[in-house]
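Engineer: Here's the letter readout for the chains.
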Amino acid sequence: MRVMQTTSHQGLDHSLLPMRLYHKAKKLGTWNPRDIDLTQDKKDWDSFDEVEKEMSLRLNSVFLAGEEAVTKDLLPLIQVIANEGRLEEEMFLTTFLWEEAKHVEIFRRFVDDLGLSGDLSVYHSDNYKKIFYEYLPEAMDRLTRDPSPEAQAEASVTYNMIVEGMLAETGYHATFTAYKRLGVMPGTVQAFEYLKRDESRHICYGVYLLSRLIAEHDHIWDVVNKRMELLMEPAIGVVHDLIGQVEELPFNLDKNELVQTAIKQFGSRMDVLERARNQSVENIRQAREEEMGEVL
Amino acid sequence: MAFEPFTAEWAREYKEKLNQNEQYRQAAQTWEGPIVFMVEKDPSVGLEEDRWIFLDLWHGECRDARASSEEDLESAPTVISGDTQTWKQLFDGQLEPISTLMRGRLRLVKGNMAELSGYVLAAQQLMKTAMEVDTELPEGL
Numbered sequence: 088m089r090v091m092q093t094t095s096h097q098g099l100d101h102s103l104l105p106m107r108l109y110h111k112a113k114k115l116g117t118w119n120p121r122d123i124d125l126t127q128d129k130k131d132w133d134s135f136d137e138v139e140k141e142m143s144l145r146l147n148s149v150f151l152a153g154e155e156a157v158t159k160d161l162l163p164l165i166q167v168i169a170n171e172g173r174l175e176e177e178m179f180l181t182t183f184l185w186e187e188a189k190h191v192e193i194f195r196r197f198v199d200d201l202g203l204s205g206d207l208s209v210y211h212s213d214n215y216k217k218i219f220y221e222y223l224p225e226a227m228d229r230l231t232r233d234p235s236p237e238a239q240a241e242a243s244v245t246y247n248m249i250v251e252g253m254l255a256e257t258g259y260h261a262t263f264t265a266y267k268r269l270g271v272m273p274g275t276v277q278a279f280e281y282l283k284r285d286e287s288r289h290i291c292y293g294v295y296l297l298s299r300l301i302a303e304h305d306h307i308w309d310v311v312n313k314r315m316e317l318l319m320e321p322a323i324g325v326v327h328d329l330i331g332q333v334e335e336l337p338f339n340l341d342k343n344e345l346v347q348t349a350i351k352q353f354g355s356r357m358d359v360l361e362r363a364r365n366q367s368v369e370n371i372r373q374a375r376e377e378e379m380g381e382v383l
Numbered sequence: 019m020a021f022e023p024f025t026a027e028w029a030r031e032y033k034e035k036l037n038q039n040e041q042y043r044q045a046a047q048t049w050e051g052p053i054v055f056m057v058e059k060d061p062s063v064g065l066e067e068d069r070w071i072f073l074d075l076w077h078g079e080c081r082d083a084r085a086s087s088e089e090d091l092e093s094a095p096t097v098i099s100g101d102t103q104t105w106k107q108l109f110d111g112q113l114e115p116i117s118t119l120m121r122g123r124l125r126l127v128k129g130n131m132a133e134l135s136g137y138v139l140a141a142q143q144l145m146k147t148a149m150e151v152d153t154e155l156p157e158g159l
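For the record, the sequence lines run as chains V and X.
Sequential numbering from 88 applies to the first sequence in our numbering.
Sequential numbering from 19 applies to the second sequence in our numbering.
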């Protein structure tokens, strides 16, 4: 017979990192994509030259499809965590999925409100397809048959470390910084502020999950490393496909800075994960958000 | 036969293996220019000076590989350096090459990471081939 956690003396552990992220999400993740005012953005868009429009469209296409992919693919992980009886983590993951859905909504709104049309998937390069059409859905779907720590680690590396931690975070940061610096697309800038904050919590959970798995089973560190090594080529390839289209990037974007940002994020998260090898599971469960890389 | 790493004999063996690596040849089709791999001195294992090899790489081919001179070090546009422990862990398969480079355990002391990152697959094969050379690590490591 099942045992109810919340009616037992166990209750809910509010000190757990995922539970603290859940409380944060209730305050910070409740923004409404429909409330974002895109009136000025439409005017700014109309004043963009062809190169600026092309780059903005390309970015929006990869962001939009990326958000759709992570919304579609998260459920098996939630099911695995629920089956393991980790109620607090499951509670956070409910906010996680809801937020991903809102991210899909806002990126589609940009397309609809700016009056754009056509098949935006033409902007998905082979590297992009390798990650978002193959590696990500395969790793997440595997969890429906195989909930092992190894499968969880491969799924989380793909989802949280590469897709969110390297690609989305780098792309969002670059777009946000570029528009904000130039004082254009204010609605988009506001949305990116929210998006970055949401993603920061998601990535924090991913670092937590991987740290917990590594602390529980030391060999998971090797699984993480091998998966990273496999995904690094197409992941860096996605960045190069985006920035390699033109000699000079529009919006004063710096190619070198973009690549460096992606690499820096990868490096700092790997350092956190490696530290987990020498930590107890209890320490990981109580870790501060900053220790897991959440800064927003 | 095993060779001490980063020596002339080791470099010759490395060149031979690299030129047999079809994956490297494909991935490095547009790679132009030499690269230096360096191991930093470590007197505790008898390595009194930095040691490095110079690889002349051109469109998927290794045209030359040699235990290197000061001139080579200065002329090479890309220099990657690491301490003895890091190289040992790489040779033992305990570290993954690209992650090690991106995390700064292997340091890019000269060159452009953004440019190099455009050749991840080639760099991966370059490093993997080095790990395939029959290598005899100094005692004490």
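Simulated from the structure, these hints should not be mistaken for lab results.
Honestly, I wouldn't trust all of these hints.
[Unchecked claim] Far from chain X, by Cβ distances over 10 Å, these chain V residues were calculated:
1) Q92
2) G98
3) L161
4) R173
5) A188
6) L201
7) H211
8) R232
9) N312
10) K313
11) E316
12) G331
13) N343
14) L345
15) D358
16) R375
[Unchecked claim] Cβ-to-Cβ under 8 Å is the rule here; a few derived chain X residues that face chain V:
17) P52
18) L91
19) R121
[Said to hold, decoys possible] Result set (DSS-like, lysine-lysine): computed pairs, CA atoms no more than 30 Å apart in a straight line:
20) K106(X) to K313(V)
21) K342(V) to K106(X)
22) K130(V) to K146(X)
23) K216(V) to K114(V)
24) K342(V) to K59(X)
25) K128(X) to K351(V)
26) K146(X) to K217(V)
27) K128(X) to K59(X)
28) K129(V) to K313(V)
29) K114(V) to K342(V)
30) K216(V) to K342(V)
31) K146(X) to K216(V)
32) K313(V) to K128(X)
33) K146(X) to K351(V)
34) K351(V) to K59(X)
35) K128(X) to K140(V)
36) K217(V) to K59(X)
Cβ coordinates follow ideal geometry from the N, Cα and C atoms, glycine included.
Engineer: Confirm or reject each hint.
Structural biologist: How the hints compare with the structure:
no.	hint	in the structure
1	Q92	holds (38 Å)
2	G98	holds (40 Å)
3	L161	holds (25 Å)
4	R173	holds (28 Å)
5	A188	holds (32 Å)
6	L201	holds (31 Å)
7	H211	holds (19 Å)
8	R232	holds (27 Å)
9	N312	violated (5 Å)
10	K313	violated (7 Å)
11	E316	violated (4 Å)
12	G331	violated (8 Å)
13	N343	violated (4 Å)
14	L345	violated (8 Å)
15	D358	violated (7 Å)
16	R375	holds (22 Å)
17	P52	violated (21 Å)
18	L91	violated (24 Å)
19	R121	holds (4 Å)
20	K106(X) to K313(V)	holds (18 Å)
21	K342(V) to K106(X)	violated (34 Å)
22	K130(V) to K146(X)	violated (52 Å)
23	K216(V) to K114(V)	violated (35 Å)
24	K342(V) to K59(X)	violated (35 Å)
25	K128(X) to K351(V)	holds (18 Å)
26	K146(X) to K217(V)	holds (22 Å)
27	K128(X) to K59(X)	holds (18 Å)
28	K129(V) to K313(V)	violated (44 Å)
29	K114(V) to K342(V)	violated (35 Å)
30	K216(V) to K342(V)	holds (22 Å)
31	K146(X) to K216(V)	holds (26 Å)
32	K313(V) to K128(X)	holds (27 Å)
33	K146(X) to K351(V)	holds (23 Å)
34	K351(V) to K59(X)	holds (27 Å)
35	K128(X) to K140(V)	violated (36 Å)
36	K217(V) to K59(X)	violated (41 Å)
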